[in-house]
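Number of protein chains: 2
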Amino acid sequence: MNNTFNVPRGTSDILPDAVPLWEALEFLARKICKSYGYREIRTPVYEDVNLFKRSLGATTDVVNKQLLELASAKEDEGYALRPEGTASVMRSYIENSFDKKERLSKFFYIGPMFRGERPQKGRLRQFHQIGVEAISVDEASPFLDAETIALAMHLLREFGVKDPQLKINSLGSKEDKARISDWLRGEFAKHKDKLCVDCRERFERNVFRVLDCKNESCRKVVASVVKDLPLSVPSQEYFSKVQAALTSIKIPFEVSPHLVRGLDYYTHTVFEITAAGRLGSQDAVGAGGRYSTLAFELGGAENIRGIGFALGIERILLALGEAPIELARVDVFIMAMKEEYQPLIFLVLQLLRKAGISADMGFVCGSMKSQMGRADKAGARFALIVGEDEVKNNSIAVKDMQNSTQETVALADIVEHLGKVLSS
Amino acid sequence: MNNTFNVPRGTSDILPDAVPLWEALEFLARKICKSYGYREIRTPVYEDVNLFKRSLGATTDVVNKQLLELASAKEDEGYALRPEGTASVMRSYIENSFDKKERLSKFFYIGPMFRGERPQKGRLRQFHQIGVEAISVDEASPFLDAETIALAMHLLREFGVKDPQLKINSLGSKEDKARISDWLRGEFAKHKDKLCVDCRERFERNVFRVLDCKNESCRKVVASVVKDLPLSVPSQEYFSKVQAALTSIKIPFEVSPHLVRGLDYYTHTVFEITAAGRLGSQDAVGAGGRYSTLAFELGGAENIRGIGFALGIERILLALGEAPIELARVDVFIMAMKEEYQPLIFLVLQLLRKAGISADMGFVCGSMKSQMGRADKAGARFALIVGEDEVKNNSIAVKDMQNSTQETVALADIVEHLGKVLSS
Numbered sequence: 000m001n002n003t004f005n006v007p008r009g010t011s012d013i014l015p016d017a018v019p020l021w022e023a024l025e026f027l028a029r030k031i032c033k034s035y036g037y038r039e040i041r042t043p044v045y046e047d048v049n050l051f052k053r054s055l056g057a058t059t060d061v062v063n064k065q066l067l068e069l070a071s072a073k074e075d076e077g078y079a080l081r082p083e084g085t086a087s088v089m090r091s092y093i094e095n096s097f098d099k100k101e102r103l104s105k106f107f108y109i110g111p112m113f114r115g116e117r118p119q120k121g122r123l124r125q126f127h128q129i130g131v132e133a134i135s136v137d138e139a140s141p142f143l144d145a146e147t148i149a150l151a152m153h154l155l156r157e158f159g160v161k162d163p164q165l166k167i168n169s170l171g172s173k174e175d176k177a178r179i180s181d182w183l184r185g186e187f188a189k190h191k192d193k194l195c196v197d198c199r200e201r202f203e204r205n206v207f208r209v210l211d212c213k214n215e216s217c218r219k220v221v222a223s224v225v226k227d228l229p230l231s232v233p234s235q236e237y238f239s240k241v242q243a244a245l246t247s248i249k250i251p252f253e254v255s256p257h258l259v260r261g262l263d264y265y266t267h268t269v270f271e272i273t274a275a276g277r278l279g280s281q282d283a284v285g286a287g288g289r290y291s292t293l294a295f296e297l298g299g300a301e302n303i304r305g306i307g308f309a310l311g312i313e314r315i316l317l318a319l320g321e322a323p324i325e326l327a328r329v330d331v332f333i334m335a336m337k338e339e340y341q342p343l344i345f346l347v348l349q350l351l352r353k354a355g356i357s358a359d360m361g362f363v364c365g366s367m368k369s370q371m372g373r374a375d376k377a378g379a380r381f382a383l384i385v386g387e388d389e390v391k392n393n394s395i396a397v398k399d400m401q402n403s404t405q406e407t408v409a410l411a412d413i414v415e416h417l418g419k420v421l422s423s
Numbered sequence: 000m001n002n003t004f005n006v007p008r009g010t011s012d013i014l015p016d017a018v019p020l021w022e023a024l025e026f027l028a029r030k031i032c033k034s035y036g037y038r039e040i041r042t043p044v045y046e047d048v049n050l051f052k053r054s055l056g057a058t059t060d061v062v063n064k065q066l067l068e069l070a071s072a073k074e075d076e077g078y079a080l081r082p083e084g085t086a087s088v089m090r091s092y093i094e095n096s097f098d099k100k101e102r103l104s105k106f107f108y109i110g111p112m113f114r115g116e117r118p119q120k121g122r123l124r125q126f127h128q129i130g131v132e133a134i135s136v137d138e139a140s141p142f143l144d145a146e147t148i149a150l151a152m153h154l155l156r157e158f159g160v161k162d163p164q165l166k167i168n169s170l171g172s173k174e175d176k177a178r179i180s181d182w183l184r185g186e187f188a189k190h191k192d193k194l195c196v197d198c199r200e201r202f203e204r205n206v207f208r209v210l211d212c213k214n215e216s217c218r219k220v221v222a223s224v225v226k227d228l229p230l231s232v233p234s235q236e237y238f239s240k241v242q243a244a245l246t247s248i249k250i251p252f253e254v255s256p257h258l259v260r261g262l263d264y265y266t267h268t269v270f271e272i273t274a275a276g277r278l279g280s281q282d283a284v285g286a287g288g289r290y291s292t293l294a295f296e297l298g299g300a301e302n303i304r305g306i307g308f309a310l311g312i313e314r315i316l317l318a319l320g321e322a323p324i325e326l327a328r329v330d331v332f333i334m335a336m337k338e339e340y341q342p343l344i345f346l347v348l349q350l351l352r353k354a355g356i357s358a359d360m361g362f363v364c365g366s367m368k369s370q371m372g373r374a375d376k377a378g379a380r381f382a383l384i385v386g387e388d389e390v391k392n393n394s395i396a397v398k399d400m401q402n403s404t405q406e407t408v409a410l411a412d413i414v415e416h417l418g419k420v421l422s423s
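Protein sequences, first through last, are from chains A and B. Numbered by numbering that gives the first Met the number 0, the letters in the first sequence go through residues 0 to 423 in order. Numbered by numbering that gives the first Met the number 0, the letters in the second sequence go through residues 0 to 423 in order.
Among the hints, erroneous ones may be present.
Claimed, not checked - No more than 27 Å apart at the CA atoms, straight line, and that leaves these computed lysine-lysine pairs for DSS-like:
id : chain 1 : residue 1 : chain 2 : residue 2
1  : A       : 33        : B       : 99
2  : A       : 176       : A       : 120
3  : B       : 376       : A       : 100
4  : A       : 337       : B       : 100
5  : A       : 419       : B       : 249
6  : B       : 189       : B       : 213
7  : A       : 376       : B       : 99
8  : A       : 419       : B       : 337
9  : A       : 337       : B       : 240
10 : A       : 161       : B       : 376
11 : A       : 161       : A       : 191
12 : B       : 353       : A       : 33
13 : A       : 166       : A       : 176
14 : A       : 353       : B       : 176
15 : A       : 353       : B       : 30
16 : A       : 100       : B       : 368
17 : B       : 33        : A       : 419
18 : A       : 100       : B       : 99
19 : A       : 368       : B       : 99
20 : A       : 33        : B       : 376
21 : A       : 33        : B       : 30
22 : B       : 419       : A       : 30
Unchecked claim - Example chain A residues on the side facing chain B (calculated, C-beta under 10 Å, incomplete):
id : residue
23 : 95
24 : 125
25 : 128
26 : 254
27 : 258
28 : 376
Honestly, the hints are just simulated from the structure, not real lab data. Every residue gets a Cβ at the ideal spot worked out from N, C-alpha and C, and that includes glycine.
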């Protein structure tokens, strides 16, 4: 019997040395999303399983193979860990009648998502996303599409991702999609023997997915058949305005007629951002698109539409390629040379913390050397030492760990003294 | 067929108006925990189900009735959403060999926990905790116990919880616990007919739980039988030192010999903090204790011990009794009086955001009145208006929403101008 436990397959611990990087990304994400008028929403990590089936499309890979469901005693009460954020945000939008309160609601979220995939580099079972959804009962605005894309690019640049590459495409309106599906099926039918097994299946249930198949034979067929998606004139005009808006704010992009996304609900603008780095084939750091029928499919009003994206935090960290950093834990480490002085240093410790100074103490009253080792490990700038002389004189020895100088400070002055030297 | 979806039973959305309060608590928690030398750790939301069975005790309510398990195709691969944080942190501590790297490791965590309880006020299926674990291979230090309790009280006070009440107790060492169990069983056997059904069952599997039964008849029996827990002399001395340390830093407490906690792994110091407020009978806002056998039970070294606590964020918010607050979303709202001016305001919008000024625009080019309504709803301090005159003169009208004054600013100066007035 294996007596120990491991972190579940496809998940990972974010250990203390790695957390500061996550915190920095989250801080920037909150600041920048807010500066675009987005507000944070936090939905539960699990939802009614049918929410995902209905929103993502019952035949998508995510729903068919990758939902992590909760065990349930009751047949009719099925829950699944959320595989993405859009369905949950839209569920909350409808449930809380945001469409009755305001014409345009802008949400962002930061949190874990879950897919029961075979784990590999850049694909985890519990992974984390920063995402936004701009949901409205207004007419769609091409400037909102451009703003959303600009926000994704702004975030990635602030995070330090080098040279993110933006691809955009338009799938057209719902009517366009239906018409284009028929056309694609007609065209691909002529080359069906050259398509891979997956694509022959996709052919029936979502022929758009053939467009982004990675199989080389499929790519050749796609390249020969699809130069442009035959959009209706209004859809084409809308897409042109999105491109003009992006150009006006100097965001470079490539129009890729073969770009589709794995989720059924997208219409009109879709986009994907890739980054070079240690990602290998999983080089997408973010993606998103517009959706116009999602709300209605989830029981909301027909005029609710939205656009959003999600960035993968683990993917971004891989692209950044930064190693965890060990930060100083506290500014001050206080130690007693005898156990009987511990009550005194404990008092000083709490006074320091109440004054907002980060501090720790040697809970084990070991040798000077071992306690200095702990002070060093904690990254303390000052080690405070209380020995026989200090107790006799109501003072504390203050050792500067950077230049190894030492001075004696009166006990009554210690908080003020450290406050001063630490802030200078 | 009900076409819409609701948030899962016993969970809730944290909507944008409520998030700022959560953010404020989390910010304070991170700052204060760090000032005590604790570092954040983030473990996955689910773990091997046996981790919880082995750590919490297979016969506890949490494990018997409240684990939310993931559906699994394989019998041997069971996972459950974490019902608390200690088991996960200890699993990670052992798996990552922290005991080989440092003598004392101090972790804190903030995140969702899950219990399949019947939902009621203050009891949710997805709830959120701020917790800490100080895990060490040193001898236990009573100052570490006192520090942990002080940290919990410090956090609650900084959060604004009025008059938190601290109760502490000692369950003694593992040997003490076994001896006291026998003694309690002997005493309670004499009054078995007066104990409730639950307690007659607890009597066998964990007699300590009889001590904190809420049933009135049980309370009478407990009050008559247990004045003090008969601790061994070393355990009593250790507990006295914890109390002396708390007294020295002026933290008031009540020793409650009937205080036990619902989890099997506690030994020595346990504590609970309650707060008056809108909590009703669920008035505990936090609790914790020392554990000395948990690591060994999870396959770690026998000399690994720890102490920790968890505070319930929803409970704290109930105690604070604060209503969600609607904050300003952006500082600046820019609107075009004609659709043909939208490309211009979109450009200005992005310039403002790049300069760190939070801003939004009217994506729908409605009437002045409707766009002013949106600016107002966004809480903007300044509304920028671009109409025919402004375009002709390369300027923007800047309306101060507080005092309704208006001025005209040259287009080229607008970012600098707003940067100045907003920072003043």
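Results for each hint:
no.: 1; hint: A:33 x B:99; verdict: violated (43 Å)
no.: 2; hint: A:176 x A:120; verdict: violated (33 Å)
no.: 3; hint: B:376 x A:100; verdict: holds (10 Å)
no.: 4; hint: A:337 x B:100; verdict: holds (25 Å)
no.: 5; hint: A:419 x B:249; verdict: holds (26 Å)
no.: 6; hint: B:189 x B:213; verdict: holds (20 Å)
no.: 7; hint: A:376 x B:99; verdict: holds (14 Å)
no.: 8; hint: A:419 x B:337; verdict: violated (57 Å)
no.: 9; hint: A:337 x B:240; verdict: holds (16 Å)
no.: 10; hint: A:161 x B:376; verdict: violated (37 Å)
no.: 11; hint: A:161 x A:191; verdict: violated (40 Å)
no.: 12; hint: B:353 x A:33; verdict: holds (13 Å)
no.: 13; hint: A:166 x A:176; verdict: holds (19 Å)
no.: 14; hint: A:353 x B:176; verdict: violated (36 Å)
no.: 15; hint: A:353 x B:30; verdict: holds (12 Å)
no.: 16; hint: A:100 x B:368; verdict: holds (17 Å)
no.: 17; hint: B:33 x A:419; verdict: holds (20 Å)
no.: 18; hint: A:100 x B:99; verdict: violated (56 Å)
no.: 19; hint: A:368 x B:99; verdict: holds (19 Å)
no.: 20; hint: A:33 x B:376; verdict: holds (15 Å)
no.: 21; hint: A:33 x B:30; verdict: holds (22 Å)
no.: 22; hint: B:419 x A:30; verdict: holds (19 Å)
no.: 23; hint: 95; verdict: holds (6 Å)
no.: 24; hint: 125; verdict: holds (5 Å)
no.: 25; hint: 128; verdict: violated (14 Å)
no.: 26; hint: 254; verdict: violated (19 Å)
no.: 27; hint: 258; verdict: violated (24 Å)
no.: 28; hint: 376; verdict: holds (6 Å)
Of the numbered hints stated above, those contradicted by the structure are hints 1, 2, 8, 10, 11, 14, 18, 25, 26, 27, listed in ascending order.
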